[in-house]
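A.B. asks: So the chains spell out like this:
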Amino acid sequence: MGGKVTCTLGEIKNRADFIVYWGGNPAECHPRHFTKYTLTQKGKFVPNGRKDRTMVLVDIRETPSARAADIFLQIKPGKDFEILTTLRALVKGHRVNEASVAETGLSIEQLRDLADRMKQARFGVIFFGMGLSMTRGKHMNSAAVLMLAAELNAFTKFVTMPMRGHGNVTGSDMVMRWSTGYPFGVSLCRGYPRFNPGEFSTVDLLVRGDVDAALVLGADPGATMPQPGIDHLARIPTIVLDPKVTHTSRLARVHITTAATGISAPGTVYRMDEIPLPLRPALVSPYPTDEEVIRRIREAVAKKPAWAQRPAAMAPTN
Amino acid sequence: MTGKRYIMNAGRTTKQGQQINISKDSPEYLAMVTTLIMHPDDMKEAGIESGGTVRVRSDNGEGLFQCKEGKVPAGMIFVPYGPPTCRLMGQTTDGTGMPTSKGWEVEIEPVAPESSQQAAEGAP
Chain A
1 MGGKVTCTLG EIKNRADFIV YWGGNPAECH PRHFTKYTLT QKGKFVPNGR
51 KDRTMVLVDI RETPSARAAD IFLQIKPGKD FEILTTLRAL VKGHRVNEAS
101 VAETGLSIEQ LRDLADRMKQ ARFGVIFFGM GLSMTRGKHM NSAAVLMLAA
151 ELNAFTKFVT MPMRGHGNVT GSDMVMRWST GYPFGVSLCR GYPRFNPGEF
201 STVDLLVRGD VDAALVLGAD PGATMPQPGI DHLARIPTIV LDPKVTHTSR
251 LARVHITTAA TGISAPGTVY RMDEIPLPLR PALVSPYPTD EEVIRRIREA
301 VAKKPAWAQR PAAMAPTN
Chain B
319 MTGKRYIMNA GRTTKQGQQI NISKDSPEYL AMVTTLIMHP DDMKEAGIES
369 GGTVRVRSDN GEGLFQCKEG KVPAGMIFVP YGPPTCRLMG QTTDGTGMPT
419 SKGWEVEIEP VAPESSQQAA EGAP
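Residue numbers (our numbering), protein chains in the order written: chain A, 1 to 318; chain B, 319 to 442.
Pulled out of the complex, with its shape left as it was, chain A reads as follows (with noise of 0.2 Å):
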């Protein structure tokens, strides 16, 4: 278990015959997803657009995104994970209990059709939202979506996506990810980068308490965190980094407005893909940038003398 078989936006523009979107509503959440990559514009080796293609939405609400799809699966929540591995089953010929198949909303024939299509596509593609991830199953779901798309790769060209959101969300993975091994949860307390989501995530380190101080950069959790991690936020000092006054600049005790990136502050964004993007600001801003105002208090901090004293062995000899 483990492993992306991805490829690029652009490829997917060009190449993409096949589309499935799973527990996602791009035309709600990503409204430009299906005009700038997926759906309608023409690719090298899809001449025709959206004729050219077939788009499957797999939820457990007919969304707005239902309209774009040619076909469209309604299944019972919180059986994703049941489905795709019933897929995975079909796509390599296994035989299946039909009367599982039936809890889940879908009948086996609708997962033939399914197997069959995904396996005769030319080039395709799954791309999963927050309605896979974040219900219950969480990244057992991710990794059985990954796992389908990699072994179809057996019988066609399969890649999967995660349908990520907010501004740049992936550019936070990626730097985590070149600058300590890991995208998230990582603790640097011992000098060393340690990974442990459950134990060095955010929600968990705050819902706990484990923490006695908090930097919140461009983000609001005041907002969106389970309410006891917001609770503690409001108990710690807290200082905020935001363009404007949020929820959780409200319970912090500190508040420093920045230059919004991407209109007054330059910088780089990652898209959903992983490519880096560079960011020029149109407008001038009278405050600082979030990079300037980190430096800034890096710099104090190094100046201050250490909180702890240096083992003997390490301390300068006359």
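Watch out, some of these pointers could steer you wrong.
Only pairs whose alpha carbons sit at most 25 Å apart, straight line, appear in this in silico SDA-like list of lysine to any residue [to be verified]:
#1 B:Lys342 to A:Arg235
#2 B:Lys333 to A:Leu39
#3 B:Lys322 to A:Gly78
#4 A:Lys44 to A:Leu277
#5 A:Lys244 to B:Leu348
#6 B:Lys333 to A:Phe34
#7 A:Lys244 to B:Gln337
#8 B:Lys333 to A:Arg164
#9 B:Lys389 to A:Glu28
#10 B:Lys333 to A:Glu28
#11 B:Lys342 to A:Tyr287
#12 B:Lys389 to A:Lys244
Derived from the structure by calculation, the hints contain no laboratory data.
We have chain A; now place chain B onto it with these hints.
C.D. replies: Then chain B, alone, in the frame of chain A:
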């Protein structure tokens, strides 16, 4: 929880995403994140009128919402993410680093009309 349970499915909408970038303090945003969508048959069974105020209770907390009928499967309710859903969502991450933000089991009960103002203000 002892009453009938529904699956609460929190998510994003285009209008909510636009409003986040305008102001999370605006009445429009507060109205969006305190309005849930429910199947008409479920509303009838629970004795809830369209636009009425309901109390939603999960294992982790409770909150007041406006209830409207909409296109969701029976047994499910949909509500846009926001501060009110923070009080209801799972508090553990099952070792993944992410809380369960979709698919909670909740109970719903209609509340008296005088509590409608509280719901509009996002009060628990």
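A.B. asks: Decide, hint by hint, whether the structure agrees.
C.D. replies: Hint-by-hint comparison with the structure:
1. B:Lys342 to A:Arg235: It holds: about 22 Å lies between the C-alpha atoms, which stays within 25 Å.
2. B:Lys333 to A:Leu39: 23 Å, holds
3. B:Lys322 to A:Gly78: 18 Å, holds
4. A:Lys44 to A:Leu277: 23 Å, holds
5. A:Lys244 to B:Leu348: This hinted pair holds, its Cα atoms lying about 17 Å apart.
6. B:Lys333 to A:Phe34: At roughly 18 Å apart (the allowed maximum being 25 Å), A:Phe34 and B:Lys333 satisfy the hint.
7. A:Lys244 to B:Gln337: Measuring from Cα to Cα gives roughly 13 Å; hence the hint holds.
8. B:Lys333 to A:Arg164: This hinted pair holds, its Cα atoms lying about 19 Å apart.
9. B:Lys389 to A:Glu28: 15 Å, holds
10. B:Lys333 to A:Glu28: This hinted pair holds, its Cα atoms lying about 8 Å apart.
11. B:Lys342 to A:Tyr287: 22 Å, holds
12. B:Lys389 to A:Lys244: 35 Å, violated
In summary, the structure is inconsistent with hint 12 from the numbered list given earlier, while agreeing with all the others.
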